[in-house]
Amino acid sequence: MNRRRTALAAAAAGTVAGVVGLGVLAMPAGAGPAPSLPPTSPEQLVQSVLTAKPTAMNGTVQVVNKLGLPALPGLPQAADGTTEARVWTDGQRRGRLSLPQNNGEKVYVDDGSTLWQWDSTTRTVTRSPQHAEPAKPKDKHEGVLPNATDPASAAQQMLATVEKTSTVSVDGTDWVAGRPVYDLVLTPKPTERTLLREVRVAADSETRIPVRLSVFANGSSDPALQVGFTQLTIGPQDPKLFRFTPPPGATVRNSDEQPQGDHEKAGQSSRPTVVGDGWDSVLIGRLPAQAQPGTSRPVTSRPGTSNDRHGRSSEDPMALVQRFGTPTSGPWGSGWLFSTKVGTALVTSDGRVAVGAVPAQVLTEAIGQAK
Amino acid sequence: MTVATDTAAVAAGDTPATPRAVQAPLGRMLWSEVTWVLRRPRTIVSLALLGLVPIVVAIGVLVADRGQARAPGSDGVFTSIAGNGLMLPVIALSVCLALLLPLVGAMSAADALAGEAAHGTLRALLIAPVSRVRLVGIKAFGVAAVVLTAATVIAVVGVVTGLVLVGSHGMVTFSGTSVSLGSALVRVLVATLWATVQVWAVAAVALAVSAFTEHPLVVMAVTLAGAIVFGVLSSIPSLDWLQPFLLTEGWPSILDVLRDPMPTTGLLDGVWRAGCYLLIGLSVTLARVVTKDG
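If you're matching them up, the sequences are chains A and B in order. Last residue of the first sequence: 451 (this note's numbering), numbering continuous. Last residue of the second sequence: 285 (this note's numbering), numbering continuous.
Calculated directly from the structure, the hints in this document are not laboratory data. Glycine residues also receive a C-beta, built at the ideal position from the N, C-alpha and C atoms. Among these hints, one or two may not hold up.
A partial selection of chain A residues facing chain B, derived with a Cβ cut-off under 10 Å [what the hints assert, rightly or not]:
hint : residue
1    : THR95
2    : GLY98
3    : ARG166
4    : TRP198
5    : SER200
The following label-pair restraints were derived from C-beta to C-beta distances [claimed, not checked]:
hint : chain 1 : residue 1 : chain 2 : residue 2 : range
6    : A       : VAL96     : B       : SER23     : 30 to 40 Å
7    : B       : ILE118    : A       : THR86     : 17 to 27 Å
8    : A       : ARG83     : B       : ALA55     : 52 to 62 Å
9    : A       : ARG85     : B       : ARG33     : 49 to 59 Å
10   : B       : ASP260    : A       : VAL96     : 14 to 24 Å
11   : A       : GLY161    : B       : LEU156    : 35 to 45 Å
12   : B       : ALA55     : A       : PRO319    : 32 to 42 Å
13   : B       : THR256    : A       : VAL332    : 26 to 36 Å
14   : B       : ALA55     : A       : THR162    : 23 to 33 Å
15   : B       : TRP263    : A       : PRO319    : 25 to 35 Å
16   : A       : ALA93     : B       : SER23     : 54 to 64 Å
Work out the full structure: start from the sequences and follow the hints.
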């Protein structure tokens, strides 16, 4: 009798523990009170981020994409969803980036002199001897660095430029990947005609590496795009990770044997121009040469015609444009419009492209000015 | 109801005619259950069929590899096996984990309690001088042994087939690194144990269902339906908050053992989640068996 009651009590406790355990697993990590850190000013924070030394670390970067883009064939990552990448860096020039996929993995290894690309589904290795830029979040900031040699004045210069069009503030602290961070918030001034509500950059309180970037669009409390570490370990890394030996049975190619890829990026056409400034600046350029009429196939100027399905219609940018864009026209000409939560893009029938984090009207105004 | 079960329990457990001293040692009981369960023809047949899976996959890959040049990225995970035999056991396990291994677990769980009830032999077990906690433990052990054997069969046949049919010099991981034979075998072992724990979780829930019914078919139907419903739920975007609760959600991470360095987050999460399901399933089973009328 007693044993039965004990057994029942144990069973009840076990069930409860199991359900609670599932709940704990489902809880988002880092939910808790904000860490208390010494207060800092935006100037100090920006300065410390600019002077942050790259450190050896590894981590998992998660990209949460809610931009509302269509699922493009050949580029599934652009569609809404969550993508993860694992990164390693030794704090110098070497790094490793791995993109796990359901049925394989793409790996990029930069061993200091060569960039290796490995694709497990095709078992090909691509070797690029030149020094390509490793894809790491903090490298974006190196490009932004102004010319000033002194980081303090660089931070001031940068802030001065940014503050013409936005409000910059440090909005408390938060946890990212289990580490306390400062949250730097950039909010557009009310005069800016933009689709964005604010941009948040979280900087690690200890190393001052930017560890999370969130872009918020108007009318939504969830970030439209968030790139951030879900797991981050700072410390020396195994040097073996930054070497790559092509495995047996793999096809090894040099990058210059590759007809596409690099050229596509290099041939990004006549230099794009910027119309406007601040949040409502619009980038205007031309489609890469391959997509231009005459090189790959004739693109008619009338929308909706000649969608040649045989052949490489999925790789032809113009066919994609016509398939996914909304046809539109105005005094500037005619073209196809792509609207997402954070930005708008316009591709005209004569190959001009305008992109900006702005409503469609600003875009068409800008492309009219640029003519 | 409590009165009825209480009196039944008094009749079953606390009669003076059942002295404690005659209880058999636990080891012998476990051993007899395991040998009895594993010697069943249906268990043997299902294990043999599971062993065919890696062989069929290997032959398929070989034929496909010889037949035509590979189109880039077209057939996914199976292309990785060509010339890389030690991937075969892990990929065979991941294929079987989708449905076949859970079915074996469910079948064995259905036999354990519902099957006994259908034959009328459960009654004898319930009134036997064995505590019901111990009865649940022994039955669960038998089911667990079948599942572990099934996963081991797939892994062993996979390793042998991979080495013989496909051939291998160590293993080339998804990440493009080469690992030695020993390290590859460790990875296969991790995958085998991980798959076993996942199927144990399914079987524990099936065992709970099994305790409530006397029709083994119901257990199979519930398990199959559960697997399908979980699959549907995880594919509905607006229910993504539900996904961490779904056991099947973590199953693709079995392929993480083929990455280098091996990411452990997904695997550990999977073990914890399976542990929770295991705990719930066994607790409900225990509660039901303890309160069952003799």
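Quick rundown of the hints versus the structure:
| no. | hint | verdict |
| --- | --- | --- |
| 1 | THR95 | 4 Å, holds |
| 2 | GLY98 | 4 Å, holds |
| 3 | ARG166 | 7 Å, holds |
| 4 | TRP198 | 4 Å, holds |
| 5 | SER200 | 5 Å, holds |
| 6 | A:VAL96 <-> B:SER23: 30 to 40 Å | 34 Å, holds |
| 7 | B:ILE118 <-> A:THR86: 17 to 27 Å | 20 Å, holds |
| 8 | A:ARG83 <-> B:ALA55: 52 to 62 Å | 59 Å, holds |
| 9 | A:ARG85 <-> B:ARG33: 49 to 59 Å | 37 Å, violated |
| 10 | B:ASP260 <-> A:VAL96: 14 to 24 Å | 21 Å, holds |
| 11 | A:GLY161 <-> B:LEU156: 35 to 45 Å | 37 Å, holds |
| 12 | B:ALA55 <-> A:PRO319: 32 to 42 Å | 38 Å, holds |
| 13 | B:THR256 <-> A:VAL332: 26 to 36 Å | 32 Å, holds |
| 14 | B:ALA55 <-> A:THR162: 23 to 33 Å | 32 Å, holds |
| 15 | B:TRP263 <-> A:PRO319: 25 to 35 Å | 33 Å, holds |
| 16 | A:ALA93 <-> B:SER23: 54 to 64 Å | 30 Å, violated |
Hint compliance for this structure: hints 9, 16 are not met, and every other hint is.
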